[in-house]
Amino acid sequence: MAGLGVKICGVEFKNPVIAASGCFGFGQEYAKMYPASVFGGISLKGMTFEERQGNPPPRIAETPSGMLNSVGLQNPGVEAFLKHELPALKGVDTVLIANAAGSTVESYAALVERLSDSDVDMVELNISCPNVKQGGAAFGVTCESAASVVKAVRKVCKKPLIVKLSPNVTDIAAIAQAVEAEGADAVSLINTLLGMRIDIKTRRPVLKNNVGGLSGPAVFPVAVRMVWQVASRVKIPVIGLGGIEKWQDAVEMMMAGASAIQVGAAMFYDPYAPIKIIDGMNQWLDEQGIKDVNEIVGTVQPW
Amino acid sequence: MEPSVFQGSYPVVRKTACAKQIYDFTVHCPDIAQTAQAGQFVHIKAAGFTLRRPISICRIDREKGNIRIVMEVRGDGTAQIAQTPEGGMLDVMGPLGHGFQLLEPTETAIVVGGGIGVPPMLETVSHYGKNAAAILGFRSASAAILEEDFQKAGCQVVLCTDDGTKGKKGFVTQALKESLEQTKPSIIYACGPLPMLKGVAALAKEYGIRCQVSMEERMGCGIGACLVCACKTKRPDGETGYSHVCKNGPVFNAEEVVF
Chain A
1 MAGLGVKICG VEFKNPVIAA SGCFGFGQEY AKMYPASVFG GISLKGMTFE ERQGNPPPRI
61 AETPSGMLNS VGLQNPGVEA FLKHELPALK GVDTVLIANA AGSTVESYAA LVERLSDSDV
121 DMVELNISCP NVKQGGAAFG VTCESAASVV KAVRKVCKKP LIVKLSPNVT DIAAIAQAVE
181 AEGADAVSLI NTLLGMRIDI KTRRPVLKNN VGGLSGPAVF PVAVRMVWQV ASRVKIPVIG
241 LGGIEKWQDA VEMMMAGASA IQVGAAMFYD PYAPIKIIDG MNQWLDEQGI KDVNEIVGTV
301 QPW
Chain B
304 MEPSVFQGSY PVVRKTACAK QIYDFTVHCP DIAQTAQAGQ FVHIKAAGFT LRRPISICRI
364 DREKGNIRIV MEVRGDGTAQ IAQTPEGGML DVMGPLGHGF QLLEPTETAI VVGGGIGVPP
424 MLETVSHYGK NAAAILGFRS ASAAILEEDF QKAGCQVVLC TDDGTKGKKG FVTQALKESL
484 EQTKPSIIYA CGPLPMLKGV AALAKEYGIR CQVSMEERMG CGIGACLVCA CKTKRPDGET
544 GYSHVCKNGP VFNAEEVVF
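So the protein lines, in turn, are chains A and B. For what it's worth, our numbering labels the leading residue of the first sequence as 1, then goes sequentially. For what it's worth, our numbering labels the leading residue of the second sequence as 304, then goes sequentially.
Just chain A, same shape as in the assembly (with noise of 0.2 Å):
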């Protein structure tokens, strides 16, 4: 048996694979199938300081090879979070990744704050949501509103801090650098991808919200492409995620340069998806006698 363990800004990890955010709410739904403890990691479902009641349905629509959805970033707010979601995910063996989000620099900061003091082990910063129509992605689309929020954040963050960016942008390598330069400790990506369907009988978008974010195996190899970018231009780890469904894209991700990966829609259609991919990676690691997953990441050998 291979080594799976992965260490990610200190934070050892069992295994390479993290719960995406936003596909594993907060831990304890696919408890009725299989532990959480499968899982390296699960970032738990995006939060805000205050309540927030999400985008009116319906709220997601197949895709070729995917799905869009619009959420909204549903959920009870930290102290509901803390009070009543934390204390059930005790005593789990898996690292708790808090994903934060805000509406603005101020929102993100005292929710970070807020969360520091928590049993979380990480902080995932989430300035890439895609169906909110203040902060959110706003923040992520170019280096200044992504360093400021970061930077401020920074301040007040004593956990590993995590950003995750989005991919609708230019230059998402610019992006990395420039929360790296702030003092992130990791980058994830990508969020999702902005799309639209429209039903052409009535003529009105499928979602409510008209527009909403791409997940699935449709966007795979643009997260792939956008993690190389990255890992080439940064020096702190990255997290890819975006469409991996098997164990051979995580080993591919990984090549690109990820140092864990994250799963998240390929879990709706088989939820025992996560599982699947630890112990093909597990095996194909024996196979190829490889005896530490590390040894991959970044070894892709471009032309």
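Keep in mind that a hint or two might mislead.
[What the hints assert, rightly or not] Stretch-level coverage of chain B by chain A, calculated; a stretch enters the list once three of its residues show a Cβ under 8 Å from a Cβ in chain A:
{"no.": "1", "stretch": "308-320"}
{"no.": "2", "stretch": "520-532"}
{"no.": "3", "stretch": "542-555"}
Think of the hints as simulated: they come from the structure by calculation, not from any bench. In this text, a Cβ means the ideal position worked out from N, Cα and C, and glycines have one as well.
Add chain B to chain A, keeping to what the hints say.
Using the frame of chain A, we list chain B on its own:
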């Protein structure tokens, strides 16, 4: 925690076409059948599609380890699922959601089903047998399904069609009102189009009878993790907010739902 939701490839032991674009499947899935409850649903994978399709459970046979689902072709995904032949395999996840709250079988119940909302009422009505009445509504005679099954369950059956080609002409809400004028049941259960549910909920309130409704919304994970299947509901504190059909539902107490 012992697993209570399962996913796998299960054999179709029986398949029939029961009306235009409506198919009746019996699937052998002992683990799912063992824990399934009336009003819960299963989430079915269509080959070549990303999202599973939620389909309500029509009948549960724990002894044989089977569940029965009656589904309508609505689009390309459900058309793909409907092509699965008898003897073929279906990728099923379940049982999911909260089902109907069943009272003692000696209590009386009225179940109201509209169109493809009729199938999930069959398991519910079977619990009450002769103490139940079923009011079933369809567009026309050609769309009517499961009438015999409801009769076999021992309940009184009132059939309505919009065009009067079978049973009473008119909506189920009219038939429900007539029934409530004569006798008040302990509880009303309903599944069907939104205007129907709204009408049933209003009647239940008017006559002071407890009512549960099964809601529908486009769904993602099916297990409560992704929060896409939002349904506006009233909280105990009176505030409204979005609950989720897959986790908090699909069955809600009618007075909670903001129609």
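Hint check:
no., hint, result
1, 308-320, "holds (count 3)"
2, 520-532, "holds (count 13)"
3, 542-555, "holds (count 3)"
This entry satisfies every hint, going by the numbered hints stated previously.
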